[in-house]
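Q: Those sequence lines, one after another, are chains A and B. First residue of the first sequence? That's 106 in this note's numbering, and the numbers climb one at a time after it. First residue of the second sequence? That's 33 in this note's numbering, and the numbers climb one at a time after it.
Hints are supplied without guarantee of correctness; some may be wrong.
Said to hold, decoys possible - Cross-link-like lysine-lysine pairs, in silico, BS3-like; alpha carbons within 27 Å at most: (1) B/K57 with A/K280; (2) B/K45 with A/K300; (3) B/K311 with A/K325; (4) A/K284 with B/K303; (5) B/K335 with B/K348; (6) B/K75 with A/K284; (7) B/K45 with A/K299; (8) B/K45 with A/K280; (9) A/K329 with B/K300; (10) B/K75 with A/K155; (11) A/K325 with B/K303.
Don't read these hints as lab results, they were simulated from the structure.
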Amino acid sequence: MKILVLISNVPDTTTKIRFTGDNTAFDSTGVQWIINPWDELALTRAVELKEAGAVEKITVGNVGRQTTEPTLRKALAIGADEAIRVDAEPEDAFFVAIQLAEVGKDFDIIMAGIEASDYNGSAVGGMLAELLGFNSVSAVSGLNIENGELIINREIDGGSQVLTIASPVVTIVQKGIAKEPRIPAMRGIMMARKKPMNVVSPVEAKAKTEMINFELPPPKAACKLVDEENAKELIRLLHEEAKVL
Amino acid sequence: MDFELTEEQQLIKDTVRDFAEREIKPVAGELDENAEFSYPLTKRMGELGLFGMTLPEKYGGQELDTLSYIIAVEEIARIDGSQAATLAAHNSLGISPLFEYGNEEQKMKYLPQLCTGEALWSFGLTEPSAGSDSRGSKTTAVLKNDEWIINGSKIFITNGSADITKGCTVQAVSGEKGGKKIFTTILAETGTPGFTQKTMHGKMMWRASNTSELYFDDCRVPQENLLGKIGEGSHIMLQTLDGGRLSIAAMGLGNAQGAYEMALAYAKERKQFGKPISKFQINAFKLADMALKIELARNLLYKACWLKDNGKPYGKEAAMSKLYCSEIAKEVSDEAVQIHGGYGLMKDYDVERFYRDQRLLQIGEGTSEIQRIVISRLIGC
Numbered sequence: 106m107k108i109l110v111l112i113s114n115v116p117d118t119t120t121k122i123r124f125t126g127d128n129t130a131f132d133s134t135g136v137q138w139i140i141n142p143w144d145e146l147a148l149t150r151a152v153e154l155k156e157a158g159a160v161e162k163i164t165v166g167n168v169g170r171q172t173t174e175p176t177l178r179k180a181l182a183i184g185a186d187e188a189i190r191v192d193a194e195p196e197d198a199f200f201v202a203i204q205l206a207e208v209g210k211d212f213d214i215i216m217a218g219i220e221a222s223d224y225n226g227s228a229v230g231g232m233l234a235e236l237l238g239f240n241s242v243s244a245v246s247g248l249n250i251e252n253g254e255l256i257i258n259r260e261i262d263g264g265s266q267v268l269t270i271a272s273p274v275v276t277i278v279q280k281g282i283a284k285e286p287r288i289p290a291m292r293g294i295m296m297a298r299k300k301p302m303n304v305v306s307p308v309e310a311k312a313k314t315e316m317i318n319f320e321l322p323p324p325k326a327a328c329k330l331v332d333e334e335n336a337k338e339l340i341r342l343l344h345e346e347a348k349v350l
Numbered sequence: 033m034d035f036e037l038t039e040e041q042q043l044i045k046d047t048v049r050d051f052a053e054r055e056i057k058p059v060a061g062e063l064d065e066n067a068e069f070s071y072p073l074t075k076r077m078g079e080l081g082l083f084g085m086t087l088p089e090k091y092g093g094q095e096l097d098t099l100s101y102i103i104a105v106e107e108i109a110r111i112d113g114s115q116a117a118t119l120a121a122h123n124s125l126g127i128s129p130l131f132e133y134g135n136e137e138q139k140m141k142y143l144p145q146l147c148t149g150e151a152l153w154s155f156g157l158t159e160p161s162a163g164s165d166s167r168g169s170k171t172t173a174v175l176k177n178d179e180w181i182i183n184g185s186k187i188f189i190t191n192g193s194a195d196i197t198k199g200c201t202v203q204a205v206s207g208e209k210g211g212k213k214i215f216t217t218i219l220a221e222t223g224t225p226g227f228t229q230k231t232m233h234g235k236m237m238w239r240a241s242n243t244s245e246l247y248f249d250d251c252r253v254p255q256e257n258l259l260g261k262i263g264e265g266s267h268i269m270l271q272t273l274d275g276g277r278l279s280i281a282a283m284g285l286g287n288a289q290g291a292y293e294m295a296l297a298y299a300k301e302r303k304q305f306g307k308p309i310s311k312f313q314i315n316a317f318k319l320a321d322m323a324l325k326i327e328l329a330r331n332l333l334y335k336a337c338w339l340k341d342n343g344k345p346y347g348k349e350a351a352m353s354k355l356y357c358s359e360i361a362k363e364v365s366d367e368a369v370q371i372h373g374g375y376g377l378m379k380d381y382d383v384e385r386f387y388r389d390q391r392l393l394q395i396g397e398g399t400s401e402i403q404r405i406v407i408s409r410l411i412g413c
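Could you put the whole structure together from the sequences, leaning on the hints where they help?
A: In structure tokens, the structure reads:
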């Protein structure tokens, strides 16, 4: 089986978010970029399946400019066999899905993180399945391959669900798909430099959404301390200021 | 001049940082408190390929440059001095002389298992009465009937007596020429009759690393356990210490970086007189001085690595790096404790451990005083 793991290049989760151009663009100055945490877990599971002999090849795919290559190189160091980068600015989820549909046709399993930690769109995986005509299953927290059959675990309200599904399939994965993201070994880092980084041109596509502007959440109000004897004042504040009563 | 790390060096830095934060940080305080050597962490460092990083692949190495290795030590030391000590000593003192001076048979016999972290190797130089004056060594090695017979003792030997210690490279007096001692290095394997390894306890610092006393009592090893040539011991020792200085410097740099980050975070959070203490000029200037010292230390150390990687002489810069990085670790961790106030004296705060761990760095692998002698000689005094 051949797996394509979709890799989003996102700002480190501890990044202090700023905007430029009158709040119309993300300010990437000084930002450290990482593999989207859900994608990293998906890749880890793919590597585990390959080590168990259930998968023959792992490809990682991304839509982005050359600046995303260090992130893809890390994915190769973790254990992917090759990378495909569609050389375009990822304008919106639809645009990204169109591009990935072009490169994702020949895979048995496509793994997409349930969302990317920057825009939290949760849209690419489903769109991609539709565009490719693949089966798709979301909120996947376990993926096993036994005798060529895909066995999937899903977390559902109050329990979990086990199902089998025919490939080709897009699995939209969440936490639990792997225990911890794999830390690449030095040998992996060394080998990554020799693995193929295939750069392909984008196909004609038009974004369906347009970013108007961003807003930061309002700064947290200062904490008000109420004397323990003064329950009345606490109730007044909860009622009149916090308006929760 | 290019001050950028390569994409690969940056990935190594991020990877080792991730490992140290995820796997070492949660247990470092407890291991230190219990003075417990961590076999699982040593195994993990081996799995990640942190041992033998600069060695060729055929010996189990990763074929990386010196700077990549130094960055790895720095990143581990940013979180924990003890694990950094295990890593630096095994690479610079255990693996390095075997690789540089071992014959092919010796390399193939020892290096692969030392690179996976299944086994450790130590370097026996310091003796109870021979520290800075290494020529005062009294341990002897006599060649008799195709065997070296070793007698004497060593002290403060890192990785010398762990359960997985495979052996030690022993510096011994093998004779005399013109009234001067001849030094020879010999490989002594754990389990050889007459070779006793004893773990030292009661350390102030690096409490989760393995420090040992070694005793040789008519310890007989085969003649082929000679490392390098007879009489080459001083040269092997000096070359090994040159490389070792870079890793001790990296430990100083990492310690300073870790202590500084803790102090900065604490100063921004801790409020006194109605504002964060980082807003008081006296603390802000302290933090600025820390950042400055760390920047200077990193530039000096990375330059020394660059010289080594480009086949240029680096002895002077290695000594300068070792001296400077270890001394700023002392200054930075001291001020970091000061910024933490009373909390900095408590074991609940990692900065307390950093303050203790840095203290070895001005003493081990050539004291600050010896580094100044080395530098002064190299500048022609």
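Q: With the threshold set at 27 Å, check whether the alpha-carbon distance from B/K75 to A/K155 stays at or below it.
A: Answer holds: B/K75 to A/K155 is near 23 Å, not above 27 Å.
Q: Please verify whether B/K335 and B/K348 have alpha carbons no more than 27 Å apart.
A: holds, 11 Å
Q: Quickly compare the C-alpha distance for A/K325 and B/K303 to 27 Å and report which way the hint goes.
A: Status holds; Cα separation ~18 Å.
Q: Regarding the pair B/K311 and A/K325, is the alpha-carbon distance no greater than 27 Å?
A: Distance of about 20 Å is within 27 Å: holds.
Q: Below or equal to 27 Å on CA atoms is what counts here, so check B/K75 against A/K284.
A: Holds, because 20 Å separates the two Cα atoms, which is no more than 27 Å.
Q: B/K45 and A/K280: Cα distance at most 27 Å?
A: holds, 26 Å
Q: Check whether the Cα positions of A/K329 and B/K300 lie no farther apart than 27 Å.
A: It holds: about 21 Å lies between the C-alpha atoms, which stays within 27 Å.
Q: For a C-alpha distance cap of 27 Å, please report whether B/K45 and A/K299 respect it.
A: holds, 20 Å
Q: Is A/K284 close enough to B/K303, meaning Cα to Cα at most 27 Å?
A: Violated, at about 38 Å.
Q: For a C-alpha distance cap of 27 Å, please report whether B/K57 and A/K280 respect it.
A: Holds, because 23 Å separates the two Cα atoms, which is no more than 27 Å.
Q: Tell me if the straight-line CA distance from B/K45 to A/K300 falls inside 27 Å.
A: It holds: about 20 Å lies between the C-alpha atoms, which stays within 27 Å.
In this structure, only the earlier hint numbered 4 is contradicted, and the remaining ones agree with it.
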